[in-house]
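Colleague: Sequence:
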Amino acid sequence: MRRIRLTAVAAGSAAAVLAPLVATGAQAAPKDPYVPTVCGDRRPQEADPAGYGMQLDGTFRHPSLTPPGEERHPFPGGAQDLFPKTKGYDPKSYTSGPVKLEASYRGKEFTPDYFHTWQNIVDFKGRRYLFQYDRSEGRVYDITDVRKVKVVEKMTRDDVDGDESKANGTWAAHDMWGASTVQWNKKLNAYVMVQSFEAKRQVAELGDSPERSKFGNPAGVAALRKTVQLKGFKVYRLDGPRKKDWKLLSTVSTDATQRDPYNSDMTKGQQGSGSLDVPYYTGGKYMFIAAAPRDSWGNSEVPTNLYSAGYLSYDMSDPAHPRKLGEWHLPGQVKGEEAAYRKNPRCGNQTSWNGARMPLFIPKPVEEGGRYGFAAQGGFGFSVLDISDPAHMKTVSHIDLPMSVGGTEADNIDVSQYARTGMVYVSGYPLGEDCYEPYKDIFQVDVRNPAKPRIVGALPRPVPPRSSGLTDFCQRGGSFGPKRTGYYTSPGTPPNGLLTYGFYNAGVQFFDVKDKRHPKIAGQFVPVGYSKDVPDWALGNQTHGVYVEWDRKIVWVLTNDGIYALSSRQLIGKPRLGAPSAPFRNSGL
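With mature numbering (1 follows the signal peptide of the UniProt record, and there is no 0) as the guide, the letters of the sequence shown map in order to residues -28 to -1, 1 to 561.
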């Protein structure tokens, strides 16, 4: 899940980049057989500036429909009027509610990537370490003392300009650090890390057209299909926190057309997407990943990704030899299912991400008697699956979600409250700046009856504290909306009735959902929205992640300018700022 900029730095707007295709009609029918064309070209028009913006009551009216793009869209009374000295971004920080800032670590040493990073926790010899990484850029921090965090290893390809095809002192050619789960495996008596290796998405950089869309650049699509890389996942045993301590156990391709998924030459000729985002694996027998196992799984409108991922299941009894069990996808995702695809109102908009970004969200592991997995599939909506037999995953129910185009729809599902209340929380996330897209609600979905899920509400929209002088977060500059509540890989157990969301320019929002009829915001921490050390093109991507140590009661905030550590005695409990009382050994809700 990272944000992908749709235009080159020098380009003026999404409309300008798409202009050659619109004006000439050239390449209106892409040659690639798996780029969907069944609904033609139904791209949204740019929104009328008179139809959105600040209202007389201090609220913000969002446009109802926008095309893809991440350019700035100033509006009267917005950030570029309020903060001209800091390039249209609010330079202040705000805290409200019972939230305490314990420590802050800013600068490039604590910013592997400006747009997105993943995190994991491991414990070795009485010390706790935090991994933060994105592909070639990674950090290992010693966070045993929350107030004295140290960088103990930096992984980078800076010396080869980030080119993943080149080896350097840190990485072999085509190697990287993919989105990972790290879990304690009792059989091996060690941590096991499963890393996703996903197909690259940037179409334009590989073709000879300036068009950054798969719909207008068949040469770029063809080049992207041939990119040399693993499409699948790797499994490591960790004998320590640093890269030298990783022991490779297996390398697996998710290409279903290959006879041997362990083929030693898996960097050539692979089909499909590879494994997306963080695999679901808790150290036991079963693993679930989001993936498109063939090129034919391609019915998605997002212009920068060739695939529409469903889900694959694996037997991980022997981490050195993962064994594929089953596949699942929603009708309409695969070539030949155009009748089902055409029914989706997003068909042809050349904007929407349709398909999974994350694996199944599972409140209770199958090994422990769990039966259900919940699917967030972008513009394809929300599904409930019966995964009690992972080799034969079955659809239990499905609901469409209200349209929210552009941006990303149905990306994350928080299942931490499901066992107590039967409620899950489904959300997408924003891609545009200055609120130039529909607001991304966090939907409350009642799944007490898995066969009949219902949207029963939405979490309240965050508002700035009065001390800020602002009436809406759209005035701060940058993106505004939910990202995720962290990951299931966090150590410890989330408390009853509390959700923590990274919210881009609204920092971290703490939602009290104990009363499901009346959810409320219990606190917030909003970091500074401007730093001279952050390049202009990344200033709008502020708080893009949270990672919670539920066992030590510490919330880590991941931003485009560093990391922060928060605590809240009232909301989470008394924090432990020193070594944990027990090492992290397994995930669980």
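FYI, nobody ran anything at the bench for these hints, they're computed from the structure.
None of the values given here were measured: they were computed from a predicted structure.
By construction, the Cβ of each residue, glycine as well, lies at the ideal position given by its N, Cα and C atoms.
There could be a bad hint or two in this list.
[Stated by the list, open to error] Here are the simulated DSBU-like cross-link-like pairs (lysine-lysine), alpha carbons at most 35 Å apart as the crow flies:
#1 504 to 158
#2 3 to 120
#3 315 to 3
#4 525 to 64
#5 80 to 486
#6 172 to 3
#7 138 to 3
#8 57 to 158
#9 216 to 138
#10 216 to 158
#11 138 to 64
#12 122 to 198
#13 315 to 216
[Stated by the list, open to error] Between beta-carbon pairs, the in silico distance windows are:
#14 216 to 394: 44 to 54 Å
#15 241 to 70: 50 to 60 Å
#16 70 to 553: 29 to 39 Å
#17 14 to 546: 28 to 38 Å
Colleague: Each hint: holds or not?
Modeller: To see whether the hints hold, each was checked on the structure:
1. 504 to 158: Violated, at about 47 Å.
2. 3 to 120: 56 Å, violated
3. 315 to 3: 24 Å, holds
4. 525 to 64: The given pair, whose Cα atoms are some 26 Å apart, holds under the 35 Å limit.
5. 80 to 486: At roughly 38 Å apart (the allowed maximum being 35 Å), residue 486 and residue 80 break the hint.
6. 172 to 3: It holds: about 20 Å lies between the C-alpha atoms, which stays within 35 Å.
7. 138 to 3: 31 Å, holds
8. 57 to 158: 56 Å, violated
9. 216 to 138: 19 Å, holds
10. 216 to 158: 22 Å, holds
11. 138 to 64: 41 Å, violated
12. 122 to 198: Roughly 40 Å between the alpha carbons, so the hint for residue 122 and residue 198 is violated.
13. 315 to 216: 51 Å, violated
14. 216 to 394: 44 to 54 Å: 46 Å, holds
15. 241 to 70: 50 to 60 Å: Hint holds: Cβ distance 56 Å, inside 50 to 60 Å.
16. 70 to 553: 29 to 39 Å: For residue 70 and residue 553 the Cβ distance comes to about 23 Å; the hint is violated.
17. 14 to 546: 28 to 38 Å: 54 Å, violated
Figure legend: structure checked against the earlier numbered hints; hints not met, in rising order: 1, 2, 5, 8, 11, 12, 13, 16 and 17.
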